[in-house]
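Residue numbers (numbering that gives the first Met the number 0), protein chains in the order written: chain A, 0 to 262; chain B, 0 to 204; chain C, 0 to 291; chain D, 0 to 266.
The hints are simulated quantities; they were obtained by calculation from the structure and are not laboratory data.
Where hints are given, some of them may not hold.
To give a feel for the contact side, a few chain B residues facing chain D, derived at Cβ under 10 Å [unchecked claim]:
no.: 1; residue: 194
no.: 2; residue: 196
no.: 3; residue: 198
Okay, the calculated beta carbon distance ranges per label pair [to be verified]:
no.: 4; chain 1: B; residue 1: 113; chain 2: D; residue 2: 124; range: 29 to 37 Å
no.: 5; chain 1: A; residue 1: 13; chain 2: D; residue 2: 230; range: 36 to 44 Å
no.: 6; chain 1: C; residue 1: 29; chain 2: D; residue 2: 172; range: 27 to 35 Å
no.: 7; chain 1: D; residue 1: 247; chain 2: C; residue 2: 234; range: 25 to 33 Å
no.: 8; chain 1: D; residue 1: 117; chain 2: A; residue 2: 183; range: 29 to 37 Å
Quantities reported herein were computed from a predicted structural model and do not represent experimental measurements.
Ideal Cβ positions, reconstructed from N, Cα and C, are used throughout, including at glycine.
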Amino acid sequence: MEIRNNSIQKIARLHWYNFVDPVTKLLLALFLTMLSFDFTNLYFEAGLVLCSLVLLLLSRLTSATINAVSFCLFLIVTMILIQGLFYSKNVHPLFSVMGITFYLEGLLYALTMSARILIIIFAIGFFMNTTTISENAKYLESIGMPYKQVYLLMSVCYILPQIQQNMKKIQFAERARGINPQKTVTQKIRSILPILIPLIIKTFDQSINRSITLQLRGFNSPERTLATPKYCYFKAKFSHYCLSFATILLIGWKLWQIISRFL
Amino acid sequence: MKENGIEHNKGNRFNMWKIHLSVATVTLIPAAVGINYVAKAFAEGLKLPLWLGSLGTYLASMLAGPTAGAISGFINNIIYGLTLSPVSTVYSITSIAIGIVVGVLFNRGWFSSAKRVFVSAILIALTSAIISTPLNVIFWGGQTGIPWGDAIFAGMIGNHINIWIASFTDEFILDIMDKVVVAYIAFFIYKQLPQRMINYFKDNQ
Amino acid sequence: MANNQQVSLTHLSFTYRHDHDAVLHDITASAPLNSIVGIIGNYNAGKTTLCRILAGIIPNMMAGNLQGDVQIGALSPTQNWSDFNQQTGFVLQDPSSQLSGLADTVADEIAFDLLNHGVDEAAIQQRVVDVAAQLQLTAQLGQSPVSLSGGQLQRLAITTAIVTRPTILLLDDPTSEMDPQGREAFFTWLKTIKDATIFIVSNEIDDLCEIADRLWVLDNGELVSQGTPAEVINSLNSDWQIGTPKVYQLARLMDWTMPDDNNQFPVTVDQLRRCADDDHSNQSSQVSISHQ
Amino acid sequence: MTTIQINHLKYQYPTSDFKLSIDQLSINENLVAFAGQNGAGKSTLFKLLTGLVRPQAGEIIINHQGLAILSPEDRLKTIGIVFQDPSSQLFNATVEKEVAWSLLQTGLDASVIADTVDKALATVGLTDLKDKNPFDLSLPEKKLLAIATVLAINPQIYLFDEPMISLDWPSRQLVTRIMKQLAKEKHQVIAITHDMDWLAANFSKMYVLSDGQVKFEGTPETFFGLPALSAKTGLLTPRIMQIAKEVFGDSRVYLTPEDYMKKHSGN
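So that you can see chain A by itself, here it is in the shape it has in the complex (with noise of 0.2 Å):
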């Protein structure tokens, strides 16, 4: 197991996150969201919200959560002072800036949406910051996904860094034949094509290689020994039952309470 099972299950302590398994991670996320979807009471989201986070915070906070939130904020903002103008049920004046209403309906509505939001971001960053790729990958392949399908979702990440180092050299490449950062928009789009399409014919190009190589190196063959979970995990398949009915269950309301509007 040492060389293998690489070195940073070795190097890390385990956390009580590494007990639940990626796919509950990811129905938790589900469950929370349709969660906010079905139960609109404003104290009610505040709640999951709280939820969400504190789940977040016991695990790990990292850079790409906070970005993904601060990238939203602007949204968020925009969308309370738009709905807050001119949502169509606007009737109660909250306060009157210059003769510009604000209203109590559009600011209601929209913390609902800025609560949904937010509950999404902290529970996905909850999945996202306590597993790995590999912990992913290894994962579903021994739950039973097949191999090509693990591929498939997967492989990207890996491939990702190889198109970037790509593109880096091209990109040095171009400067040295004259294409500089241009300033102008109609500049900036001539200088698309002579980056992308050397980087696009070799990425394909990469991938055809890749894929004879794949045939030749026995992939999807039917011996294939099955990848062994990184870690033991908590009474996963009970966890995923559980979620996944509680899951059907609020798509079912939700779903009825749109159809009885029409009835």
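Given the structure of chain A, go ahead and fit chains B, C and D onto it with the hints provided.
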């Protein structure tokens, strides 16, 4: 082993709705997703008012048919959602549709000349906007998150125009710019691809 | 019926589907099993295409018009590719595209083939360590494959090809990105391989002459010469535009020939030593070791 | 006559410990080679010489002008680069357009461009392929095309990064011939290589880099006469010297088989 044998297509049109994925398609799709990702980062780096984030999906559809394009689009948003921006996971439905529409249009010859590409681009933008609008309304109250598109949106609902129409307009205006540019870039790049490459993906479906 | 103890190519021709002209014309060649066959020629001569046929990539993954037959011992890449592929290791020209695309470390990358073949974990450990040591990648086992240099990537590609213990090894320009020391170490290592038929395409004519049992020369898709390195190099036609090894160049200039080999010029250091001994020593009676 | 003067140059990558540091170096000859192991700093120096990467300290002066202050257009006319992997530089629809594209960057008029393109393609022997897609060419042909794109601009200084890699025998001869011709026409030609046979046979001035520093400057004849230095810098001796040593126990310096013959026919 079925995937090892090449099925020689008699005509030039490839088998459009094949679900069984060959190894060639299985390696093409991650490459296409990678191209989406890099192209998007590249457009952001140049501060272009475009995303270019569906370029790889277009090319996958053109090279290996609508199924490959749809899967590229789907995986693109899943990976993007799970690594960078969680909410974009939801828009995988739009990406799937783009993959399918590009594949079908390409197959019917709507990527064969510069004029036809324009028509295709409008159809693609329309598809994208029709599918994205409900998602925008559900998750963002109708906004797209692009400031000047949202300014139009705010102006419209400020004038009591229906939120669906306002949201659709916001999305469609942004989509038309992006999809036209991406369609032309994909068209030019496809023309430049070596024939052996096009044949390889066609033969190994 | 083809001889089961031989590599034999009979009337092999091939045209790619996207091309009008044949890339290979009517190639008939042979070599003993478990020998090293060096394939030389310029670009556009058809070396890579020949490798693809030998590996079964053509016609199983690339389409075109293939005629003729290939037999390597009892196996044929064109007829029962699946069985054939179990016995084969292949190194492509561009090593970075040969990575599986789903491995965190060099060790995982090497283990990929073994996992696919259903080898159990304990045996995998042992073999990964073993082949990595052979190609000096032990220190890199825990690194990400993406972080390797071009030469290291090429060595990694070679380890993945040999880890399944193939009886047929196909190497298409495996040293193009190695530095001189790496290349020297590789060819020294290659010479130690036993019980495998090795086909190697390379522009390193000096090294190739040292290690190969046979050379096949391709020119414009035709097999224009085959034989031992000495035979082939001594009968090169200038139209083929192929470089010669330094040993041969030196021997020609100094006019040192191998008396018991039809006065051919030597192409390896050992051969040179033999005829230089003859030339330099005053004792003309010295017994020279006869060839083969 | 071009001179490149390097003063107190220092460059360090942000992500690694590797450091390039050259105190004083002037390159006056027309045909020079830089040799060194992988990771010795050859490509870093090369990147700095292109002017596209700025050193953290020090300067590179070309003909009494700082490389850093050249305008993009002047830089194109001063320094032309042929990369190791030609595929990363090509993007036009045909071979002919590829060469013409470079010229369009310098703003020449159409008739001059057409003439220059024809001449450049003829020099590298690609005239017959001028309507082909560059990505349908073989690797040596792509490399020759990349060389043609630089030849068309005709800069003062030519940089070649590992020019012999991925070439076959006839194209090696051709590229070597082109490089020598350029040097004769008073261009400065600088090659990075670890092909010692090629270096010994064709260059009379070489620099050896190791651990980011210049460890040797002089003729190949001198360098290969210092076995301790070539071992320390990780370079092999030319094959002919290995042969002489293995077969005859002769460790004198020979650059080529012809050189061996010359040195022995005198006896």
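Hints the structure violates: just list their numbers, smallest first.
-> 3 and 5
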